[in-house]
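Q: Okay, here's what each chain looks like letter by letter:
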Amino acid sequence: MFRRLDTSLSEITIFWEDRPLTAYQGELVASVLLRHGISITHHGPTTGSRGPYCMMGVCFDCLVDADNRKAIQSCQLVAKDGLRLNRHLNLAGTGHPNDA
Amino acid sequence: MMPDYDVIIVGAGPAGMATAITAQQSGLSVLVLDDQPDHGGQVWRDIQQNHQHRQSRSFLGEDYWKGHQLAKAFHASGAEIQHQAVVWQIAHPLSLSVTIAGIAQNLSARAIVLATGAYERPVPLPGWHLPGVMTVGGAQTLLKASATGADGAVFVGTGPLFYLTITQYLDAGFSVAGVCDTGAGLGSPSTLLALPLALVQPKMLMKGLRWLRRIKAETPYFAHVSDIQLEGQDHVEAVAFAHGKGRPKTKMRIPSSHVFLHQGVIPNVNLSMASGLTHHWHHRQMCWHPICDRHGASSVEGIYVTGDASGIAGSGAAVASGHITGAALAKALTGTTIPITALWRHRVKRLQHRALRPFLDRLYAPLAETLTPIDANTIICRCEGLTQAQVTAAMGLGVAGLNQLKAYCRAGMGRCQGRMCGLTVQALLADHHKIPIQDMPYYRLRPPVRPVTLAELAAFHQADPDI
Amino acid sequence: MEQQRNWDSIVVGGGLVGLAIAYGLGRLGRSCLVLDAGDLDFRAARGNFGLVWVQGKGSGFPPYADWSMSSSQSWPDLAAMLHEQTGAALALEQKGGLDVCLTEDELSTRIAELTTLSQHQNGRFQFQALDRQALAEIQPGIGEVAGATWSPHDGHVSPLYLMRGLHDAIHHQSGYVKTSCPVTAITQTGVDIQVTTPDGDFTAPRLVLAAGLGNRALAPFLGLEQAIRPQRGQIMVTEKLPLQIRYPMVTLRQTAEGSIMIGDSHEDAGLDVSSTRPVMAEIASRAQRILPSLSDAKIIRSWAALRVMSPDGYPIYDQSPNIAGAFAVTCHSGVTLAAAHALDLARCIHDGYLGPHLTAFSERRFDVSPA
Chain A
1 MFRRLDTSLS EITIFWEDRP LTAYQGELVA SVLLRHGISI THHGPTTGSR
51 GPYCMMGVCF DCLVDADNRK AIQSCQLVAK DGLRLNRHLN LAGTGHPNDA
Chain B
1 MMPDYDVIIV GAGPAGMATA ITAQQSGLSV LVLDDQPDHG GQVWRDIQQN
51 HQHRQSRSFL GEDYWKGHQL AKAFHASGAE IQHQAVVWQI AHPLSLSVTI
101 AGIAQNLSAR AIVLATGAYE RPVPLPGWHL PGVMTVGGAQ TLLKASATGA
151 DGAVFVGTGP LFYLTITQYL DAGFSVAGVC DTGAGLGSPS TLLALPLALV
201 QPKMLMKGLR WLRRIKAETP YFAHVSDIQL EGQDHVEAVA FAHGKGRPKT
251 KMRIPSSHVF LHQGVIPNVN LSMASGLTHH WHHRQMCWHP ICDRHGASSV
301 EGIYVTGDAS GIAGSGAAVA SGHITGAALA KALTGTTIPI TALWRHRVKR
351 LQHRALRPFL DRLYAPLAET LTPIDANTII CRCEGLTQAQ VTAAMGLGVA
401 GLNQLKAYCR AGMGRCQGRM CGLTVQALLA DHHKIPIQDM PYYRLRPPVR
451 PVTLAELAAF HQADPDI
Chain C
1 MEQQRNWDSI VVGGGLVGLA IAYGLGRLGR SCLVLDAGDL DFRAARGNFG
51 LVWVQGKGSG FPPYADWSMS SSQSWPDLAA MLHEQTGAAL ALEQKGGLDV
101 CLTEDELSTR IAELTTLSQH QNGRFQFQAL DRQALAEIQP GIGEVAGATW
151 SPHDGHVSPL YLMRGLHDAI HHQSGYVKTS CPVTAITQTG VDIQVTTPDG
201 DFTAPRLVLA AGLGNRALAP FLGLEQAIRP QRGQIMVTEK LPLQIRYPMV
251 TLRQTAEGSI MIGDSHEDAG LDVSSTRPVM AEIASRAQRI LPSLSDAKII
301 RSWAALRVMS PDGYPIYDQS PNIAGAFAVT CHSGVTLAAA HALDLARCIH
351 DGYLGPHLTA FSERRFDVSP A
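Chains A, B and C are the protein sequences, given in the same order. At position 63 of the first sequence the residue is numbered 63 (the working numbering), and the sequence of numbers has no breaks. At position 296 of the second sequence the residue is numbered 296 (the working numbering), and the sequence of numbers has no breaks. At position 63 of the third sequence the residue is numbered 63 (the working numbering), and the sequence of numbers has no breaks.
Isolated chain A, as found in the complex (with noise of 0.2 Å):
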């Protein structure tokens, strides 16, 4: 489980599927959803789940929504206070018709 040492920031609350969480100020939001425990941010029909892998934006596997924004990269998201987050659902297509 991931643990935060330094707690003396300022505390703020998002939100994940409507769940309140606490979040320090400045905090990239894979981190605050890593502290919880939410390590699957988003699910597609061919990735499967994932979530957070690179924390520096190459992988795109940290997606979520963010507010009314789809697929948004969650490690290059900072907290503020009132955000909203939900898993992000990959609802298109169905795979590939040619698996091998």
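If you are wondering where the hints come from, they were derived from the structure by calculation, not from laboratory data. Note that CB positions come from ideal geometry on N, CA and C, so glycine has one too. Worth double-checking, as some hints may not be accurate.
[As the list claims (entries may be wrong)] Here are some of the chain B residues that sit facing chain A, going by a computed Cβ distance under 10 Å:
#, residue
1, 35
2, 37
3, 59
4, 63
5, 141
6, 146
7, 234
8, 270
9, 385
[What the hints assert, rightly or not] Residues from chain B that keep clear of chain C, each with C-beta distances beyond 10 Å, as calculated:
#, residue
10, 53
11, 66
12, 82
13, 209
14, 221
15, 252
16, 294
Fit chains B and C to the known structure of chain A by using the hints.
A: Only chains B and C this time, still in chain A's reference frame:
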């Protein structure tokens, strides 16, 4: 039309900041664009913020705090900086497209510097796609950016970043469930041959040895690890592997829901390739480097590449390179030169850091099974969820190269634009054709190198149809 | 396999045109060797949008209107054959398509054009004019447009699955696609035709030159000109999205995987295949006007490819006047015409002569004298 700036630098890491300082000091107008909320790049991530809380973040270590000096000088230089700025295209006449706070803009310059650094080499092991598996760099970022870490993690890999992060974890007080060292050790002749040159930097070598000794003493440490499987269904649950020098190797399994992988870093070439720069395959580092002269000038006039983006040499070399590129810009754009002593100091520093590379690159060479995966279930293309079996089936049709392979199986078509699969696919296809890997050209990369919304792009046309 | 030097037919060019013809020849019992160039060469097939399109085709040239229509009608057969032989699913959908018009002028011009086309085809070609309201009913979220013309004959397919399927099927037929093998010379040797490549010579009684832009350099060996020139087209692709575009439009279509393809341009850019910002911005602007709901969709990659354009934009099919059994074929609609190429054109090539329905496509229509 007057360009908006003399110099635009993409990336505010060690190289970017150093370039900005020297260029600005020479009287050039400089803009630095960085995609993170704070500058420092990856190695000195969040350096400003963390410096204010230095006591509670002492576990980050001395090398990290060195970045603060440069960040202060960068602030004092007067160079303009925009954070959370995502550059996605370079066009000619020289300009770039960047999105800041959801608005795409075109900025022109007399010179553009790519100081875009490096990212971790993909580590395609069976199960590497499972939630709970992250890169060691990612774990270190959580430590730097949020003073956050996980107890009971297993670290799998090798390399300076690998040992440093574990050391930071130990200093921070997190429990480590296992360290699976995939390095081959000093055994190989080519590694030993590179050692004398590396002795130019004895302190760095001693530091590495100290880290290793401590890790062996304070964690369940396994050497010569291979045959790695990351087990689990929807989440990683354990790491299974073989280890030791004995034949057969000893089998081992460590249960854990946090696994951190590392097999070295590689230059981030998507922007440089999409901008038409020529690249060459660096045999020892096993990755693509943009071809540049010693000032960082690339094959495209006006575009420079500096720091790890032009070849992996670490933060010390990156700072020196940045100053050297800044000096070259000053010379090229204003005719002024920086004091020769300063220039030589940077050159010597860079040489010293680079001297270590042949040794480090060989000592910490990536594990073979992570370069060309053999387990058919290994995910090769994370974005499209393609397994090694699916990619191999497409190769079996007889494809000449990566771009035709991409057309046949979709590898490389996802959001990451091949960052996570390109080198693996290249190695697999070269292997399939039985040709040396450097003879297999890479994906043909194009802008936008980072996703951009339709609205952002459309706004360009509406603002100026001829832009 | 490729060590075999004698084949029943050789196809120069492994793009959509070459592969479709090779597949068709294979079906007729001819062992077929396809000689394809390199991975980084100009490959029009990779830039293909995927439309199987009839409306508007050949409005100034009735044989092309007929050819496109009959190809579209035999497309389900091609898809079924490939599926049966290789298990490939091509994601073919022929439920109709839309040509969206942004202004009233555009719409009335379009309607006039299609009316003439329909008359030439004796009513075989059907279409409907839709005003914005009618269009909004079949495409929710349609933006500030005048309307569209709809045709039930139109559709789309995955061009990449098609290519892979053809390639696969050719292997099943004991044909062979040899990559990185450019052809440098073509000569007649007795009753056979011989091609020279860096990997040696190959011979066959039938040869098809289907090398796209590469045809220009090789056509003189066949006593032909193939006066084609490159025309750049740029495309952008979004991330995978929930299904929201029900019918393909000329510049917007949603693939089976969910990504939305956005096009396109017609540029004289020589052999430059860069993606350029002004064009990408213009394409984006047009797409946003047609479907404002796509505003927040993220573009994750772009493409540019060179169409193989003849002087009038219509296909060129010719038999060589100096080498018996050799043919040169070129077109820019490799997807729509794939069925016609695999079934009809391949049969003509197999038989050794192009039928009367193809005479109009000869380059003689340009009054060109062979080299």
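Q: Report the numbers of all earlier hints that the structure fails to satisfy, in ascending order.
A: Violated: hint 4 alone.
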